[in-house]
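Undergrad: Chain residues, written in single-letter form:
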Amino acid sequence: MQGFAVALQPANLLWCLVGVVLGTVVGIMPGLGPPATIAMLLPLTFLMNPAGAMIMLAGIYYGAKYGGSTTSILLNVPGESASVVTCLDGYQMARQGRAGAALGIAAIASFIAGTVGVLGLMLVAPPLAKVALSFSSPEYFALMALGLAMVVLLAGRSMVKALLAMLAGLWIAGIGTDLFSTTSRFTFGRMELLSGVDFVVVAIGVFAIAEVLANMEAREETRLLPVPKGLRNLLPTVQDLKDCRFAFANGSVVGFLIGVLPGAGSTIASFISYGLEKAVSRRRERFGTGVVEGVAAPEGANNSETGGALVPLLTLGIPGSGTTAVLLAALVLWGFKPGPLFIPENPALFWGLVASMYIGNVMLLILNLPLVPAFAQVLRAPAFVLYPVILGISIVGVYSASGSLFDVALLAAFGLLGYVMRKLDYPAAPLILGLVLGGAMERALRQSLMMSEGSLSILVARPISAVMLSLALLILLIPLFTKVNAWRLRALDS
Amino acid sequence: MKEIAALAVMAFAGSFVEVAFAQGFQPTRPIEVVVHTGPGGGSDLLARAVALMVEKEKLLPVRMQVVNKTGGGAAVAAAYLAEKKGDPNTIGFFTGVWLTSPLTSAEARVSLKDLTPVVRLVLEPAVIAVKTDAPYKTLADFVAAARQHPGQLKQSGGSITSRDNVVRQLLQKHTGARWAFISFPGGGERMAALLGGHVNMMVIEPAEAGEHIRAGNIRVLAQVSDRRLSGFPDVPTLKEAGFDVPAVPQVRGVVAPPGIPKENVAYWEDVFLKLTRSNSWRKFLDDNQFEDGYQNAAELARFYDEFTDRMREILKDAGIKTVR
Numbered sequence: 001m002q003g004f005a006v007a008l009q010p011a012n013l014l015w016c017l018v019g020v021v022l023g024t025v026v027g028i029m030p031g032l033g034p035p036a037t038i039a040m041l042l043p044l045t046f047l048m049n050p051a052g053a054m055i056m057l058a059g060i061y062y063g064a065k066y067g068g069s070t071t072s073i074l075l076n077v078p079g080e081s082a083s084v085v086t087c088l089d090g091y092q093m094a095r096q097g098r099a100g101a102a103l104g105i106a107a108i109a110s111f112i113a114g115t116v117g118v119l120g121l122m123l124v125a126p127p128l129a130k131v132a133l134s135f136s137s138p139e140y141f142a143l144m145a146l147g148l149a150m151v152v153l154l155a156g157r158s159m160v161k162a163l164l165a166m167l168a169g170l171w172i173a174g175i176g177t178d179l180f181s182t183t184s185r186f187t188f189g190r191m192e193l194l195s196g197v198d199f200v201v202v203a204i205g206v207f208a209i210a211e212v213l214a215n216m217e218a219r220e221e222t223r224l225l226p227v228p229k230g231l232r233n234l235l236p237t238v239q240d241l242k243d244c245r246f247a248f249a250n251g252s253v254v255g256f257l258i259g260v261l262p263g264a265g266s267t268i269a270s271f272i273s274y275g276l277e278k279a280v281s282r283r284r285e286r287f288g289t290g291v292v293e294g295v296a297a298p299e300g301a302n303n304s305e306t307g308g309a310l311v312p313l314l315t316l317g318i319p320g321s322g323t324t325a326v327l328l329a330a331l332v333l334w335g336f337k338p339g340p341l342f343i344p345e346n347p348a349l350f351w352g353l354v355a356s357m358y359i360g361n362v363m364l365l366i367l368n369l370p371l372v373p374a375f376a377q378v379l380r381a382p383a384f385v386l387y388p389v390i391l392g393i394s395i396v397g398v399y400s401a402s403g404s405l406f407d408v409a410l411l412a413a414f415g416l417l418g419y420v421m422r423k424l425d426y427p428a429a430p431l432i433l434g435l436v437l438g439g440a441m442e443r444a445l446r447q448s449l450m451m452s453e454g455s456l457s458i459l460v461a462r463p464i465s466a467v468m469l470s471l472a473l474l475i476l477l478i479p480l481f482t483k484v485n486a487w488r489l490r491a492l493d494s
Numbered sequence: 001m002k003e004i005a006a007l008a009v010m011a012f013a014g015s016f017v018e019v020a021f022a023q024g025f026q027p028t029r030p031i032e033v034v035v036h037t038g039p040g041g042g043s044d045l046l047a048r049a050v051a052l053m054v055e056k057e058k059l060l061p062v063r064m065q066v067v068n069k070t071g072g073g074a075a076v077a078a079a080y081l082a083e084k085k086g087d088p089n090t091i092g093f094f095t096g097v098w099l100t101s102p103l104t105s106a107e108a109r110v111s112l113k114d115l116t117p118v119v120r121l122v123l124e125p126a127v128i129a130v131k132t133d134a135p136y137k138t139l140a141d142f143v144a145a146a147r148q149h150p151g152q153l154k155q156s157g158g159s160i161t162s163r164d165n166v167v168r169q170l171l172q173k174h175t176g177a178r179w180a181f182i183s184f185p186g187g188g189e190r191m192a193a194l195l196g197g198h199v200n201m202m203v204i205e206p207a208e209a210g211e212h213i214r215a216g217n218i219r220v221l222a223q224v225s226d227r228r229l230s231g232f233p234d235v236p237t238l239k240e241a242g243f244d245v246p247a248v249p250q251v252r253g254v255v256a257p258p259g260i261p262k263e264n265v266a267y268w269e270d271v272f273l274k275l276t277r278s279n280s281w282r283k284f285l286d287d288n289q290f291e292d293g294y295q296n297a298a299e300l301a302r303f304y305d306e307f308t309d310r311m312r313e314i315l316k317d318a319g320i321k322t323v324r
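Which chain is which? The protein sequence lines are G and L, in order.
Position 95, counted from 1, in the first sequence is what the working numbering calls 95; the numbers after and before it change by one each time, with no gaps.
Position 193, counted from 1, in the second sequence is what the working numbering calls 193; the numbers after and before it change by one each time, with no gaps.
Here are the simulated EDC-like cross-link-like pairs (lysine to aspartate or glutamate), alpha carbons at most 16 angstroms apart as the crow flies:
(1) L:Lys-321 with G:Asp-178
(2) L:Lys-283 with L:Glu-57
(3) L:Lys-173 with L:Glu-313
(4) G:Lys-337 with L:Glu-205
(5) G:Lys-337 with L:Asp-286
(6) G:Lys-337 with L:Asp-287
(7) L:Lys-131 with L:Asp-141
Which residues of chain L face chain G? A partial, calculated answer using Cβ under 10 angstroms:
(8) Gly-38
(9) Ser-101
(10) Ser-159
(11) Phe-181
Derived from the structure by calculation, the hints contain no laboratory data.
In this text the structure is predicted, and so the values were computed from the model without any measurement.
From the three backbone atoms N, C-alpha and C, an ideal C-beta is built for every residue, glycine too.
So that you can see chain L by itself, here it is in the shape it has in the complex (with noise of 0.2 angstroms):
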């Protein structure tokens, strides 16, 4: 039955395929946009912005559709891209989870290389906070006061896959220091812990984190990023605090199902090459102090590998069992 049903998938999605084809590919119906986490989550604000910004700027005759396909780090709307084999109305946003939960989870068989490559769209910083009322002046005075207490300092992040672990983890190789990693579902709980009192640090976004130093509430030790921010010009980066580890930013781009042709992947690209060069979206990125990462296809790939060898490196050494 599903078989058949995938035959059916594929004949129909062929022939629209080749009508494209025939004409340079032009989206016929409403884009829809897969994300993997609900509404407000991550991906899912930087697809509505973005549909908003391409409609701003007229980049496309229809309008883009967020939907939300959450569940299994991003397992769930990877497979959903996989079975929308061929269809030239579905692009998805993904993270670096995406190529992350197939390396941690059976389930998730549909890892980004099986999809269709588009885009790297942004490079997502971060900055190491502690509260103002925290005896740490600088990254080494964390680094030594958990040398000095092994396992009792604590950071609250995202869960173990994250960005915030692994810039832990590379922190905690290359100093020999050891703290405790406290996984919390969202965003918000983090930051109340962080506030709180009861965890020590916390890998932030700049945004997020500029209000709270406005307000007096946390001080940056460091940023984890290759230059200074614009928004941060006195905070050291990683490498320059005396840390030689890579600086680890989130990673978010384009995909699109399988089976597109090479056509629709070079409209995509020029859509989003012209997004990226627009005066909305130099504002965005200022606004959220990220990172222009604009990859076309090609070196998308090439950085899939990259990325996945790297991080089933650090969850080695984070001891977590990886299954691919």
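Only chain G is shown next, with the shape it has when bound in the complex (with noise of 0.2 angstroms):
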């Protein structure tokens, strides 16, 4: 209540505000990421009260997850590195004309996780930041290693062909310094390698820049399915939300037990929690046709994670990504202390933080909502104007994140590999799933070999790795037991 009672104050409802709806267009516009954002911001917050600046920066974070989605969705091109999934089945529905449907349940299955998040961040953190501490690398290595089954559930028509896009993703995670040794891999003399490859170059090269290139060579007008007219039909259905409900509690659940892991990342939440809805559905075969539990749970996980990410940090003073980091450097710079105490000591703005980001999903719920329709618009627009704003945004976007051109060549290599993997009808899913799980797992699985002195069974010594590694086995064997099932039942038939 005493949260609230700073919240609602007129000039931190105003912040709020502020923040969440830069929030949104951070997260629209591929490129320019929340931690860039909140760093360029941070002068001004010292003209503002903390409480109005934290809520406003807080805002800017959740609300990127927000805006996230929809490139991913109308265009192809993932805002943010954790709307990749996205693109699956969302990019799917918007040309089966039902983009709307599909901004919609993002918006929805967001504010739904986004506001369990807060509640989680509310009810748990300090016990559930003691228990993420158990948490060391052979346990994130053994999540890395779940999050990798996944790919057997991404795969199209050919398992050999996804584990192929797999290990090419996992040597691209290579390229770059080796952190143990500092010895450079597969730099080629080049010093931009030096720091690897980003992996939205990737992503956006292999969906975007791919899709675009695929639609160049059809003759006959693209097979984009019209927008239909009226509200009604630019809105998810009942039948939608009703498919969304298990999504919609797999994301807030799986996406905030991630975001309180230092060591993991949103970008992980939302894969793991597109394959778990997946591996549960009944309608797993139709996933990457436009499903929108595709969405809904990917997007969930994204957002919750947020209020799982501030769990480490407010009650330890530990920050697990990017922006968490900006954050803290925020709370460092205005003259607080974060960490295990910063909560008890200042509980005004903790509290006010917390009630803030229940006002701010609510806010970008009223916010995005009246949007989708204007959005789904932009897929009105005939192919000659459509794919060139695609690849406009696409170089636009990384040439900001990065400023160099560079990774604006790298893109067109990645959009060509995107594009012949296609015509050889090598799915792009995989290839992403083990370039962001790649890095971290290496360096997860050569620290716990340096804890243990060389010696593997480390990683099914300790309880909480055995059982996820257990977890990733079962999740291997999905299609096994599919095939015996099909080959039994075409037994009995006959």
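Could you fit the two chains together into a complex? Lean on the hints.
TA: Shown next, in the form of structure tokens:
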């Protein structure tokens, strides 16, 4: 209640609104991410009171997660790394004339999961932070292995092709300076590759650029279905909402829990939530062709992840991602001492922030739903306008993120790779999955082995990691079960 | 093509410098401040704090804008500064990594020595911390335990060229004890590994340690500093604890692109000297438990050599291959 007293002060309400609007804009634009935006605004925050400033910066953080899905769904251009998975089903929905439904579901899932994330932050932050500390490298390795096992769910017709694509992704993840020995790997003497290949460049390349290339060869007008007229057709149906019941819960819980772990992040949360959704779905085979759950689960997960990520930041002073690191920096610069005593010593700030996040999520829902029909109109543009726009947004997005023309060249190369993969029927999602998980997974494995002096038994001797590795094994066996089952049914028939 | 572009840049910058020279140097555009960490990293934080203090103390006629050029230790940021040859409106904030990454990475072709030294600003001491429930009451206890179980105790830290590992190498060489060093890319993960009991020890910034000490999570065994920090009056320095190894500080300071006239350097020396004498600066140092490390350009150039030689030897002892 004390929190709402802070958050409902007119000035703070205003800052909350400014934050979520800015966040939405930043999320929609590929390239410029929340960490850079927040860092740019830091000097301004010194003119504000800390509560208002914190409320605004947090608004940018979770607001960006709302905006991120927009370009993924409409243009197949992931606006943020956490929205890459949303491309898989979201863009397919848009192609079928259901862009409005996809955008609407994304907003609703974001709202539900975002609110659950705040609820978690409010209720269980301190005890949960303690549990998160029991996670270390072996557990992170198991978590990444679990994520990587999702590849069998992302595979199209050919498992071999999916695995090959995943291996390519793992290889790309290995490019750059090795953290442990500071040796350069696969940099071909290029300084630009020392920091590795930015995952967003690859994602935009293989999704957006490849999409444009594939559509250029179509002689006839592209097969975009017209956007239906009438507001009713632009919003999700009751059936959509029913289909998403589990996805809402899944996204909320998975996102929050993974968010609490300082070494994971929202991209991994969205992938795991998508995989889980597909694994338990009754219409598993239709994922990737435009099912609403495929949008709701990852979009929910990346929103409740923000609530989770604030847990270690505010209860222990431990940042888990780029954005939380900047928020930590902001707290320090304002003269606070983030750490285990931060909440007990600054209750008004903490509870004010929590209350503002409830309000901010409501604002975002109100803000985003009316935008849905407007955004859906984008797809009315004829192909000769739409595709150059996609190209432009992709290139500007990549360039504005790094300011490096080398990255633009990489974007072109990965666009070409994506096109070739498409022609040869290699799925792109496993490549991205390998790339997202590869770096963290390798690091976790090597850290684990350093801890155990080279013995692999550390991975199975620790209960949490053993459970997750068994789950990963189980997921790997799913296609086998399906095959055996189909074979059995056929045998019964004949 | 590249040569032509470089010539054009030089000619352009040259004309700029001449103008500046004629009037006595004054920055004309917002100052671009290049750092090698992402938003929220150590250098980024210092640069942003300095930008705020410079503004508050009205030391510059223009604003300072922080630009993040991450990658390859500090290779990307250093190369970026080198490309800005002669640009009077760009400076960079360096750390020891700018000197060490060219030692281990063939691609990191630009070293601090290729840039124009300006000033050294701060020396960051550190403290050696363990969890409160650990059996080690002193650094000697920890070293004795490490000697008893060679390689089994663990320290969490950054990359192997980071100050954390340098402190470990020096202590190992001095005592003959051995323990493992586990690299974590983010400071948060390092701390989480210590608090979760997955590693036994960590070399940590005093300000960060302070909060966890107040909360009773960690205990500090010794401080990596030549004299006791005001925030840790009861904790022995390395020397006082009986370990006669150099207390390697993390250094931070300012460089400019190559080809900058002496006048500009003198201007910057003056700005930063004024900054280090301001009240905001003293409060900043105190809040973070940093030490004033001001050195002018000439002293800084000598410091480079000492530091590089010492690092090369330490890396050699650690079995890390150096390329330069």
